[in-house]
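Chemist: So the chains spell out like this:
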Amino acid sequence: MKTAALVADLVTEFKTNGRIVIVGASLAGLRAAETLRDEGFNGKLTIIGDEKHEPYDRPPLSKQVLKGWVRADHTLLPRTRNVDAEWRLGVAATGLDRSSKQVRLANGDQVPFDRLLIATGTRARPWFNPKEATLEGVFTLRTSDEAAQLQAALAAKPGRVLIVGAGFIGSEMASVCRELGLAVTVAERAEAPLVGALGGVIGDIAAEMQRDHGVDLRTGVSVEALEGDAKGHVRRARLSDGTALDVDVVVASLGSIRNTEWLEGAGLATGRWGVACDAGCRVFDINGVVTDSIFVAGDIARAPHVLYEYQFLVLEHWDNAVFGGRVAAHNMVSLEPDRRPHLPLPAFWSGQFGVNIKGVGVGPFGDEIVITQGSVKERRFAATYGRRGRIVAAVTFNHGKWLEYYGAMIERSAPFPPPPPGYDQAGDMKPIPARFPPPGVPTGIPDVVLTGHDPTDRSAEYRPKRR
Amino acid sequence: MTPETAYAEAMKFENRANPYPFFDELRKTPVARVANGIYAVTGYRELMTLAHDPRVSSDTSHSPLGAASAAGAKAEADHMKAYGRAMSMITSDPPDHDRMRRQAMRHFGPPHTPDLIESMGSGIQLLCNRLLDKAKGKTRIDIVDDYAYPVPVAVICKILGVPLKDEPTFHGWIYDFMAGLMDMGPEITTDEGKARAAKGKESTAALVQYLTELINRFVREPGESMLSKMVNDDGPDGPMAPRDAVANATLLLIAGHDSTVNTIAHCVLTVLRNPGSLELLRGRPELIPGAIEEVLRLESAVQFFPSRSALADIEIAGTVIPKGSAVFLIYGAANRDPSRFPNPNKFDPERRDNEHFGWGSGIHTCFGGPLARLEVNLALETFLRRAENSRLVVDPPPYRQSNVFRGPRHLFIDFDRIRD
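Going down the list, the sequences are from chains B and F. Position 335 of the first sequence, counted from 1, bears residue number 335 in our numbering, the numbering being contiguous throughout. So our numbering is basically just the index in the second sequence, starting at one, shifted up by 467.
Watch out, some of these pointers could steer you wrong.
Heads up, simulated DSSO-like pairs for lysine-lysine below, C-alpha to C-alpha not over 30 Å straight-line [claimed, not checked]:
| # | chain 1 | residue 1 | chain 2 | residue 2 |
| --- | --- | --- | --- | --- |
| 1 | F | LYS632 | F | LYS668 |
| 2 | F | LYS790 | B | LYS401 |
| 3 | F | LYS790 | B | LYS430 |
| 4 | F | LYS790 | F | LYS668 |
| 5 | B | LYS401 | B | LYS377 |
| 6 | B | LYS131 | B | LYS52 |
Just so you know, the hints here were simulated from the structure itself, not pulled from any lab data.
With these hints in hand, go ahead and build the complete structure from the sequences.
Modeler: Next up, the structure:
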């Protein structure tokens, strides 16, 4: 009774006088800020963002913005309420001092906090050759500014566009190029587009879609070099199969890099793979012990997932940012037993070549696939992924209304393959290998080593990377 | 009370104004066998699951009920043989359902027809105002006949290309269809009920004949209406076959206004029934869209639709629905499931988490929902703004026969005056 009253007092006191800093003026950061105010947090709230823009929405950047329907600076996120925050935009966070509880900024400022939310997300992986990356006409796409530049380049009717990498973003950009009537080559190292997320069976279908729409799709090749003209504009690309292409625009769509460098040395469980946290968004320290004042949400949060054998997963999905931000915010202003878990059923969507692709679950966790409903030929179908006799993911092409059904099965760990549908069955319902590439092998020397001898004295230690 | 009894009571005409206590009883078994070969689903989660299960069919030829009525309709519609047995999208499964829905949606909503619904707004507003202008000088109107009905029927006629001058004719046919073929209650087996059913079949045949002639005319003389475009358009799925177009025209004409009438009437009824709501919504009209969703949760215009059946044994909530059984997804009951909606019987215009089944769920989700939302919003907002000191004359009002498409037959309202 007495303890409960004490805890209630603590929460009230924190909601009144606490200081919260959110690093990342992003989807996750904004929704977290709104939730904090919704939950009655009246203390000081600071939101730090390295871009000068207010929080904006990214999915349109590779679609409506590139196509020229919507201006790049017109995708600001709608606000659900006034957040009454101090915005520090256009200045990156560069460090975290956990003992003095301060975030260091690029301009030298120190921002003190009682609770911190890390929502720094990811950035586009740059072209691997720094010199070639500076050629005019070479782009990446992650931010609003990058989208504005690429859109202008496409609107100028370039000769041939080369997109390196056929993940979701690369494929969406190729689709836009074709809609704009531009000649486009897509170079992909894997056997087909989208194989990382959806496997080779679906990848083959995606490859057909690209070719049917006039994309010059080249798989199993990498781009080894870019060459510029005298004015420093990219004009030629050399591929690993010995061919060369004349190009005016090159987009490196090589995936993303997690923005965790600013946390190096802060003593948290962070690295190339993200920021490790529990299912309540609380960040682990470098020893794997959960912290009580540092939280993480969005693309870099790596949490154990009950549906996937408690493996630590990052989910770079839009709604993971929204719901993760909300749960993190709730838990920042709550104490046991009022804290909540963030247990999302992963969900994502894409639009390309006139097809709406939607998925739930984690496809690469599975090893088999069965196409259940609809018609692959007509590009409207549903497929499910399984592993050891249970369903772990589903994907639909122009068939999203059925996802609810498969989502519920994934949540229940229902048997795989699922029972045959009563109508519009896609085939013989026999599972086949889903053909995911083997998981990437981590390279390089580990950043963290275990030190100490006495069991009570052992701890992990950060060894700065040689750069 | 056994599920059988609770279901029978909920379906009885005498309980039409308030079937909900019986639905509450029925929900104690969220999926229950309620009659020979019929399973009623009243739990929110169970309904959501089954609405999305591809082993549940909407093709009435699979249903023990539908097979019987389809056979009956076939026998009586022999003169229509040229058109064969055509099913509308609401009583079809994929891929036919998907194709027809695409063929119809091309001429109704985005991405191909993004402006149609919005373009109806000014006409709807004008009509609402005219109907209330007519009530100036009076102190009583029937919301159903004098306000809720004329708006959606005029709108759907305009969109589909059905001549509004024929409204007096098809109004009677649709009335008979509702009373005779959309009554799943015990009264339908009485002599009176059998006569209603017979009249319903006769009138439905007449309506289908009327729309057949209309569609034939559009095939011969293409025009700008939705039905004409459906049978003439050369989209990726081709034009809709005339026999499919007749079936879907029947569906769109009936569902395109009847449920809207019931929803407008239920909105007025619910707002006036709950003290303080009128003032709240008048003072904060931005709450009206949410209030309408709340009315749809409480008084779903389509309480259930008796088309579905199980194509396999389906185990759910401890019950096995045997293959071949009719499956009634009772939206009106699931929408008051206390495990999903706190205080489920309370009208809360500011309820936030309100993902109700008033528009259905899954692939058959209401085709005309966006149009209905626009109509109901304008009608309710205009009424609340212009009718001064309005109050119910009788509560509950008299209800129509159908327990599927449920709504007041009349809704008399007294007011001091109609404002300009």
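Chemist: Give a verdict on every hint.
Modeler: Results of checking the hints against the structure:
| no. | hint | in the structure |
| --- | --- | --- |
| 1 | F/LYS632 / F/LYS668 | holds (23 Å) |
| 2 | F/LYS790 / B/LYS401 | holds (23 Å) |
| 3 | F/LYS790 / B/LYS430 | holds (23 Å) |
| 4 | F/LYS790 / F/LYS668 | holds (28 Å) |
| 5 | B/LYS401 / B/LYS377 | holds (19 Å) |
| 6 | B/LYS131 / B/LYS52 | holds (26 Å) |
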